[in-house]
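Residue numbers (this note's numbering), protein chains in the order written: chain A, 1 to 616; chain B, 1 to 616.
There may be inaccurate statements among the hints.
Stated by the list, open to error - Part of the chain B face toward chain A, derived, beta carbon under 7 Å:
#1 Ile134
#2 Gly165
#3 Ser221
#4 Gly324
#5 Ser568
To be verified - Listed below are the simulated SDA-like cross-link pairs for lysine to any residue, each with C-alpha atoms no more than 20 Å apart in a straight line:
#6 B:Lys422 / A:Glu423
#7 A:Lys427 / A:Ala170
#8 A:Lys422 / B:Phe168
#9 B:Lys422 / A:Ala167
#10 A:Lys422 / B:Thr63
#11 B:Lys18 / B:Asp58
#12 B:Lys422 / A:Gly169
#13 B:Lys18 / B:His39
#14 A:Lys427 / B:Lys18
#15 A:Lys121 / A:Ile360
#16 B:Lys422 / A:Arg163
#17 B:Lys550 / B:Glu538
#18 A:Lys427 / A:Asn383
#19 B:Lys422 / A:Gly507
#20 A:Lys21 / A:Thr60
#21 B:Lys422 / B:Glu166
#22 B:Lys554 / B:Phe168
#23 A:Lys554 / A:Glu524
#24 B:Lys427 / A:Glu166
#25 A:Lys422 / B:Asp164
#26 B:Lys422 / A:Glu166
#27 A:Lys422 / B:Asp58
Honestly, the hints are just simulated from the structure, not real lab data.
Quick caveat: nothing in here was measured; it's all calculated off a predicted structure.
Built from N, CA and C at the ideal position, the CB exists for glycine as well.
Protein chains: 2
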Amino acid sequence: MNALTPAVSTGPLPASRKIHKSGVLHPQIRVPMREISVHPTAGEPPVIVYDPSGPYTDPTVETSIENGLARLRHEWIIARGDVEAYDGRHVQPEDNGFAVGERLTPEFPIRNRPLRAKAGKAVTQLAYARAGIITPEMEFVAIRENLGRENLGREILRGKLQRDGEAFGAAIPDFVTPEFVRDEVARGRAIIPANINHPESEPMIIGRNFLVKINANIGNSAVTSSMAEEVEKMVWAIRWGADTVMDLSTGRNIHNIRDWIVRNAPVPIGTVPLYQALEKVNGIAEDLTWEVYRDTLVEQAEQGVDYFTIHAGVRLHYIPLTVGRVTGIVSRGGSIMAKWCLHHHRESFLYEHFAEICDICRAYDVSFSLGDGLRPGSIADANDAAQFAELETLGELTQIAWAKDCQVMIEGPGHVPMHKIKENMDKQLAVCGEAPCYTLGPLTTDIAPGYDHITSGIGAAMIGWFGTAMLCYVTPKEHLGLPDRNDVKIGVITYKIAAHAADLAKGHPAAKTRDDALSRARFEFRWEDQFNLSLDPETARSFHDQTLPKEAHKLAHFCSMCGPKFCSMRISHDIRAEAQKEGMAAMAAKYREGGDLYVPAEESGAPLMSEAQEPS
Amino acid sequence: MNALTPAVSTGPLPASRKIHKSGVLHPQIRVPMREISVHPTAGEPPVIVYDPSGPYTDPTVETSIENGLARLRHEWIIARGDVEAYDGRHVQPEDNGFAVGERLTPEFPIRNRPLRAKAGKAVTQLAYARAGIITPEMEFVAIRENLGRENLGREILRGKLQRDGEAFGAAIPDFVTPEFVRDEVARGRAIIPANINHPESEPMIIGRNFLVKINANIGNSAVTSSMAEEVEKMVWAIRWGADTVMDLSTGRNIHNIRDWIVRNAPVPIGTVPLYQALEKVNGIAEDLTWEVYRDTLVEQAEQGVDYFTIHAGVRLHYIPLTVGRVTGIVSRGGSIMAKWCLHHHRESFLYEHFAEICDICRAYDVSFSLGDGLRPGSIADANDAAQFAELETLGELTQIAWAKDCQVMIEGPGHVPMHKIKENMDKQLAVCGEAPCYTLGPLTTDIAPGYDHITSGIGAAMIGWFGTAMLCYVTPKEHLGLPDRNDVKIGVITYKIAAHAADLAKGHPAAKTRDDALSRARFEFRWEDQFNLSLDPETARSFHDQTLPKEAHKLAHFCSMCGPKFCSMRISHDIRAEAQKEGMAAMAAKYREGGDLYVPAEESGAPLMSEAQEPS
């Protein structure tokens, strides 16, 4: 490995094993999941959880950032017979912000000829779904979403398990079939973002009737960060659970950095092409043109970007609606387009050329993320006329994109107080034909910069419950600066919490398994199992060990919160064991005879308070 | 100051001044608030925020932990003519867990004779309210809750401002009058926890029609912590916004540590008397007796504890309902009482002697916090039969306590998935006669130990919105160990977020002022103002400074997230300034003539990217 190749985090999480399930319709597919084992004394099966972390957590696979990941989808794409390889566009100096010499990030060492649709073909998952075809990607996703719950499905059908939740009209099946996936995609109610030029990606689905997904944002800015840091942030983000990653770079080397990211990303990569277009015109918004933008779309589609955020809803006549706002336009793309429109006193070129943008996207299967350029950036601006005017246009654009077989998701707010969140969901579903919704938070109050992962985690959990399909994370650095690696992890864990809380509340049949397994481990003082089943085993263990660090403490039937005499779970355990063995009356009689239910610590092997000793 | 006296955090928060408003009905009262000033160029008044931090943040007051705080309510209490001083109970060795010598925490140096009600008198705020009396405490609270919004009230009445929220039947007034407070207390819909032996406390109110409050838990355990750490935790917790503090100590020195805490606490202090009673019988739950417990109630009432958590709803015949649970009984007090009941095969002595407990509480004005001993400790156990059976009993006990003029609040869960949260609120309001609700979270998923401040912050924000009056915080250490000072701060900030998000969603007229002021500061790049108006100015500033540390950067119209070219707020600002000056058409014409709206950094004084220089 050469000195310039970034070091990334590899290796499995504790007690975890990467497993693969094979396809039936498409036997060549191998769908990854993560299996967390618990202590044999528990007598419980391993818990299977969803796993976007890719080969980096598979110790049987040697990863090398210089080589990129295996091109696992390549054969599937070629086998469809509807694409052709071609020479592609040449990299231009402006693609990298005119960086030269030492300031220029090295090119990714391997260059494949890009693919594009043969003339007249639409190579999108939507087109295939409408044609009644179940692609390998669709079956992959179906297996992935089931998490091995085939057995669970049968138990539900036999009436042994109850679905418990409030799904607000969502229709989550007990068991996901490839046909169900095809149908959801055909209806536009879900998307599988999978550019034909990103064959390294492990397919995933974004839709209201599937597990709620999360996105992590990375990318440099003019002020800070580098290719090495950004590639590691991507690997780090997916390690902790990010389902997609957006590269929002706005500094130099945008093209080359993106190559390194996409070639090494097992998850879909999103971008906002407008940023690179702006860099190409030296940061002067007024100098943007459709031609520069179009060229950027092709450049990024050839690289393999899986979805584009496009702020085509920021129309000239909406801009005055923002003048009375407290925080104006807070979307980078939205503000850039607004400036362009006002300067030229013309309709947005994104809006006017939208059909041509569709033609590009359908030739590579780049999904639309229709941008919320007029989202509210403060509580005061929530649900205002500007925001909902743009939403109406996004609804209109959704129909145009669908007519051209393009996959679409709709971006959402922002800053929204709790009582206004549901209205956002209801409107978006109605106006945009049930296209999947993808929100940023929302933040439920403005008063806590430094903690906006929390102010927004509250809103994200709620809007995920109401039907939002993907939640874009917010880190502690929001409003203050570019997030570093630590911030990325905190943002991801926070949004995994929000997404999972939403799945639970929707009654997703696979969700509660993990909560129950962890709670049983907690109740039985299987400390290692509790840590290993949690979203962040290292932090859980380290917090526990701050006050009880010895190995013997992991056998203790208490922690330092309450100590041995006051641990309610230990006391409950005693009560229950007796009740189950002998029945209540007999137990009471035994107590009266003087039986001692307090198990002295020496017997259980647990240390007494601070005089902990290693077990013999 | 002697070497054993704890050092505590003092001094105002940035740009903040302690102000006091005087009473009208009771001119002697001085109600503290915090005034945060913004930069003069903003042309905006200071923002007034609620302030529970006491004299520690008042630079005009010299605090000395050895002397305790000023006994500000003493005269008010004496003036009512219904209490008498008496010799009080002597401290017993068991009160401090038989600690001796160096292990015994020193006694608090000042001992006042405790007060109690004269024979036949009830000295509770509820009794006074029912008698039509507006006490100094009630007026104090009314002024405190208004936060100087008298003017706001008049603007609402003139129709200039709209109330915007969904209060689910709560009735938050535009402007709080002392009579409104009296009426809410008389109805039992709010409580003012204020033991006559805690004259140092600055009165506060807990009720659905007031600002949502938060509690921080402190206290040692057998495993760790000390008096000095616990006193500092109390001062630290209120500095960041805790409205009450519970001392949940379960180790040695419970009595003496509590003295140091209460004498120095400007906020109500709560306890769970059962813990100390258990220590007095050497940790053997079966050896508890009503007599030991009664003695502990008197001991703590004489010290000045403002509210008691009492698990009188854990009845013998409910215990079998917990046997099938995943996590049994997770309440310390609940599990201790369950063990006692089963051993003796008798009804809970708390339940049986409840009327006598009321007689004690009414003689000192100790409020009840009717404990949720059977709260669910896992998603699987949420809203089960055990939990709601106890709630029915709490409803019954509320009526008994009210009949004896005792103030009551009702504790709530726990671990509850989002779709089951509203049911908790609705049931509690119906069953307990609208007595204020006080929940722990609830946690919306079990899978994130290490982040349970977040899993629970989500549920707390929601249940606060639905009507819960006080939210008991959860720290990152929940389930793992005793929280330290850092954990206390993170827990408090998280719960301030939840409480404020709830106030906003309920349409509380005073809430949005702070969000709007901060968002204006953000939009106008008044960085210091944005930090100073936030819940944690130090952290916000430090996060910003990680990538842009120079003083000149605080004038920058960007941060490191986007850099100068991409800052949407800077771009918005340019657009708006032009639109407001000249109108839209004229602006477009000006752009076409070549006017440059990009203000070069040198002119604005903001640094160019990384080449920041100090302003000349």
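Here is how each hint holds up against the structure:
1. Ile134: 32 Å, violated
2. Gly165: 6 Å, holds
3. Ser221: Result: holds, 5 Å to nearest chain A Cβ.
4. Gly324: 9 Å, violated
5. Ser568: 4 Å, holds
6. B:Lys422 / A:Glu423: Holds, at about 18 Å.
7. A:Lys427 / A:Ala170: Since the Cα atoms of Lys427 of chain A and Ala170 of chain A sit roughly 15 Å apart, the hinted pair holds (cutoff 20 Å).
8. A:Lys422 / B:Phe168: 15 Å, holds
9. B:Lys422 / A:Ala167: 15 Å, holds
10. A:Lys422 / B:Thr63: Not satisfied, since the Cα-Cα distance of roughly 48 Å exceeds 20 Å.
11. B:Lys18 / B:Asp58: 6 Å, holds
12. B:Lys422 / A:Gly169: Distance of about 18 Å is within 20 Å: holds.
13. B:Lys18 / B:His39: 18 Å, holds
14. A:Lys427 / B:Lys18: Roughly 45 Å between the alpha carbons, so the hint for Lys427 of chain A and Lys18 of chain B is violated.
15. A:Lys121 / A:Ile360: Holds. Lys121 of chain A to Ile360 of chain A sits at ~12 Å (cutoff 20 Å).
16. B:Lys422 / A:Arg163: Holds - the C-alpha atoms of Arg163 of chain A and Lys422 of chain B are around 19 Å apart, at most 20 Å.
17. B:Lys550 / B:Glu538: Satisfied, since the Cα-Cα distance of roughly 16 Å is no more than 20 Å.
18. A:Lys427 / A:Asn383: 10 Å, holds
19. B:Lys422 / A:Gly507: It holds: about 16 Å lies between the C-alpha atoms, which stays within 20 Å.
20. A:Lys21 / A:Thr60: Distance of about 16 Å is within 20 Å: holds.
21. B:Lys422 / B:Glu166: 14 Å, holds
22. B:Lys554 / B:Phe168: 42 Å, violated
23. A:Lys554 / A:Glu524: Holds: Lys554 of chain A and Glu524 of chain A sit about 11 Å apart, inside 20 Å.
24. B:Lys427 / A:Glu166: 18 Å, holds
25. A:Lys422 / B:Asp164: 15 Å, holds
26. B:Lys422 / A:Glu166: 12 Å, holds
27. A:Lys422 / B:Asp58: The hint is violated at about 43 Å.
In this structure, the hints that do not hold are numbers 1, 4, 10, 14, 22 and 27, in rising order.
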